[in-house]
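Peer 1: Given the structure of chain A, go ahead and fit chains B, C and D onto it with the hints provided.
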Amino acid sequence: MDAPLPPVATACALALVSAFLVVLSDRAIRAVVALLAHSLAIAALYALLAAGLVAVGQLLIYSGAIVVLFLFVVALLPPGGRELASQPLRVAAGVVVGLTLLAALYAGVAPGLQGLTVAAAPAVGSISGVGHQLFDEGKLLIAFELTAPLLLVAIIGAVTLWRRQEAPA
Amino acid sequence: MPITLTVLGTSGLLFALGATGVMLRRNPVAVLMCIELMLNAGNLLLVLGARARGNDAGQAAALIVLVIAAAEAVVGLGLALVLFRKREAVDIDEPRAVRG
Amino acid sequence: MTLPVYSVAALVTGALLVAGLAGPLTKRPRWAVALGVVTALVAAYFSAHQPGTTPLITHAAAIFLIVALLLGPALELHHRQQRPEVVALTLLAGTGAIVLATGGDLLQLIIGMETLSLSSSLLVALGRGESAPEAAFKYFVLAAVSLTALVYGLGLIFVSTGSLAFPSGPLTPLLSAGLVLMTAGFAFELALVPLHWGALDAYTAAAPAAAGAVMALSKLGAIVAIARLAPLAGGEFLLVLAMVGLLTAVWATLGALAQHEIRRLLAYSAIAHAGFLAMAAGSGAAGRQAAIFYVVVYGATAMLVFAALAGLGPEPIGIGELPERLGLQRSLALCLGLMSLAGIPPLPGFWAKLALFGPVWQALGPVPTIIGVAAAVAAAVYYLKPVPDLWGSLRLSAPRPRGNAGVVVAGLVVLVFTVLPSIVWANIGTV
Amino acid sequence: MSQWLAWSFLFTVPGLVLGSTGAVKRPGLASIPGPIAILALAVAWLVGAGQPTAIELGGWLPFVPDGRFLLRVDALSAFMLGVLGLVSACVYVYSLGYLEGDPGIRRFFAFLDVFVGAMALLVTAGNLAVLLIGWTGVGMTSFFLISFWRDRPGTLYAGLQAIAANAVGDGALILAAVVVPAGCGDLASLQRCTGGLGGAPLLAALIVVAASAKSAQGPLYFWLPSAMAGPTPISALIHAATMVAAGVYLLARTYPVLALTPAAVGATAVLGVVTALFGAVMSLRQTNLKRGLAYSTVSQLGYMFAAIGFGAPFAAIFHLGSQAFFKALLFLAAGVVIHALAGEEELAAMGGLGRALPAAMLAFVAGSASLFGLPLTAGAFSKDAILDAGFGIAPLLAWSLIAGALLSGMYIGRLFFATFYAPPPDEPRHLHPVSPTLIWPLLPLAIGSLTFGFAQFPLGGLGHVLEPALGPGEMLSLSSPAGIVAAWLGLLGFIVGTRWRVRRDEGARPLPERYGWVDWASSVSVAVAEGFARVQNGRTGRYVLATVLGFAAILLASRFG
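Residue numbers (this note's numbering), protein chains in the order written: chain A, 1 to 169; chain B, 1001 to 1100; chain C, 2001 to 2431; chain D, 3001 to 3561.
Next up, chain A with everything else stripped away, as it sits in the complex (with noise of 0.2 angstroms):
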């Protein structure tokens, strides 16, 4: 079930390049409709990586959930046409220490390229092992679990922050 590399290839090129696409574009709603590009190739690429079930949240909940709750934000606020322009001394401070930390991650990583070993990979991905994974005592199960309390936080949050800017001082 090893996918074959072009297909790979292409959807991490395309990817990275949605990703260029979301950094550069100078309107908010263009960095939007580019993040839905690389969410959809992010989960072609899980596909190929022969995640199945990844593939499809990652439709569900990104290109479904977040990336329109991101367009309804860029709604709401003012319109600012344009964003403001960072000062070119920013870009270049900017650039210069993203390509630091890219610099520093192949550091820590390259030595260990050489040595990496992928095993003669079983079948992973099946909806059933991901959900033993998921619900498994002694697994992911309580990881699952915690999540409820994360998901309390956010569904508090969203009401208590709309009426804190609906209500007056």
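In short, the hints are calculated from the structure, not lab data. Treat each hint with caution, since some may be false.
[To be verified] Calculated lysine to aspartate or glutamate pairs in the DMTMM-like style (CA-CA distance at most 25 angstroms, straight line):
hint	chain 1	residue 1	chain 2	residue 2
1	B	Lys1086	C	Glu2321
2	B	Lys1086	C	Glu2315
3	B	Lys1086	A	Asp26
On a predicted model such as this, the values are computed, not experimentally measured, just so you know.
Peer 2: Same frame as chain A, now just chains B, C and D:
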């Protein structure tokens, strides 16, 4: 093996690219989108690990990270709304009453 | 270390209950507070009776929660009707801190940290004043960046080991990089320089009762997580951690020296203490034990200081204005807390410093230790600046402010730690 | 009885509780029995040759090498408690009159009670951990009392100077308490605890630094003159007789550790001699009565440090006792003058007060005589003991101290003359009446200043009593040529000093005075601090930049560091 390296490289580039975006963008929503890029980079590694190590736990973890990302987007966008709804400039550098 | 499942369940249930009943409870905020306190007590009880857990962590979190909740009536909200929601968020922040500290695998730690930092941002944002949402947003953005580091680090570890558990095998470069990234992500929650910006602003701008809870809980969760993770990344990384801690302590001490506003000063002080915590966590097994002792004692003291300031309003409070703004109990509490933070014996802040510098000396040698001690004792100059004035303005007849129960509880805890520091020390267990 | 004495640090607690809650109507009255009880028990112990005893509660602070709660009473503690009890009893009574009507009088006595308790704990501490509590406790109450008068300008700054200097000493002592090997920290056997990193030299260095901060020696002298911003009874008790002497006590107590490192002992001697001369010269330049006396304290503490450096801890403790008597007496006498002048401390406003305040003048004479070492007074005996020890080891330093005797005579003569006999200022002045509670406490101190030197005769002498704690101490004889020379030089200095005029054109300078290096250091540190604070400029973009850079830096450091 080449697939592993390709995806690994992609995720590294994506992480650094997202970080650069977070540093460069001044629109709070764009900043949050760039953070989503960085989260995707991490998730990509989890999925890659699941394949390379033959352990479904990576995929399950990736699903949970998606949930975390969703929760975070909700709260982050809510905060951005509260902070910037009534401001003229939607610029994360502009509110700076707390400093020193 | 095992996750105290029943305590966590109790806290979540309590939070759910309070949030679900938010409508009726809005008119009876005292009931919301009572429900929250009972929840925290039940969580503490469960933890003491679940074998394998470290009850100290849950108990410390419960103490912080109870003080913060009892301060509820003095909490200054932008929207006065949101008290039940704040109770629920406080309980959830406590949940996050406990999970962050005691989570059974790396993913649980991340979820705990995210629960904690999201509820912290919200607690900050709900405070009164214009600067509260600003500080909350900054804190949120930086927390989100740190979250990405955590997830990326987790990904690297998983690619390397194929497991989400705390790694135990040989240290490969990927694994090492992943562990470093994850520790750095938690270092944001601990507020180490140069990741301290968001925390600094959040502690400044939040309503004091919320700031105390956010600070004490996040330090508790983060330092235990760091103490569990950092050693796995090897001895050299421990040295890096300790040096970052030293930088933090010096930086924040200098920053605090320039402050004239009490909450900003306390925010810097929180950063400085994070530095000491990291120094200890980077100093071997004895140092990690000292770090946990330090965080419990420091958290209680910080709760006391913030409790004393609760209800003073969102405007900046100059250090010189304090005496006229505080009544007898608050002044006494602030004196006690500031002297403990300054490390005046026999207050517990001093015990914490004593416990700290021995292991630091053993692990890091003279120069870092001497710099650390210098930062610790120099801090006395700014902590003690308001104290003579506070003593001088004690009035027996001052009106009792709201939320005094929180001040009393925090004060009692600090006094108990003064007399019996060993009740904390003996229960740390091994980290 | 020894057991009771060990717990003497609690004796002031009843007074503290009764006084600060207002249970006893007259402020301060409830506090008086505490120090008197300490004095009585200590004297009874010394005279009745009580048995050394220790009280130990194990497992109190499990995180330090020696975490027992350990109290120990021996001759040295009993002697220190006696000094503390006597001077504080006098100061308590004196303060009843001195602060009468002050709105903060209850707070004043509360701090005083805490101070006496902390000082008692300091001298009965059996190990470093307990010592630290007393050590920092006295520094803290000293700060509160220096800054006692909140509405007077400069008192807070003066207190913070004291805190800053004390912090150096506290830090050194904290380090000493944590760097010793596990199980170590007992003051009686500290010399056997040198196995840790750094060993004996490190321990000795830390102790000397701690002591010099507490006792205002060397570059850390600066806080003591500033401390004069506090009420005068405080200057007498804390900043002359007891707390500042705690450094000397520490050195005497841990002398066996110092003795392992000759360099530390030598450095102590040089530090002491230099500070003794420096303090004397500085005292000559003061236009403020209390500051003149404060520099004199700096100078006398230098003598005690020199004694430690000469290998004579007994001489140091003996001089500590003498100095406690005569310096407390001088301060209290000065307080009478200041009280009569409604708070005026400048020498320029004094003069011609001898007739109006005869008791204060007589007390000042007695204190001065003991200070410059008039034969047969306490100061003469104890200074002689120091000089004797010095000539045996470092004649050059001892000669310097003899020169110091001349300076002592000069500065105290100058202060005496300017206060009591110089022509009074032209404008008429009204003297406040002086209540008897300000006068009676001078009497025991004056008797002590004049006769304490004879403490050697009963019971085989003070040296014999203290011998188990300090080693053999030879006290005296005024027959040594050095002592005779010093005594006559002191008298000569006193006569010369009375001829020394205070310039009237020097206006009153606000307290605290600006000092060279301290002031510079504090401005620089504030400027640096403000620079650091400015980095937190509130811009989220910068914060994100720094955060990401931080992640990259931590990654790189752990990879290549």
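Peer 1: If a hint holds in the structure, say so; if it doesn't, say that too.
Peer 2: Evaluated hints:
1. Between B:Lys1086 and C:Glu2321, the direct Cα distance comes to roughly 33 angstroms. Violation of the 25 angstroms bound is thereby established for this hinted pair.
2. At most 25 angstroms may separate the alpha-carbon atoms for a hinted pair to count; B:Lys1086 and C:Glu2315 meet this at roughly 21 angstroms.
3. Restraint check: the Cα-Cα separation between B:Lys1086 and A:Asp26 comes to about 21 angstroms, which is no more than 25 angstroms; the hinted pair holds.
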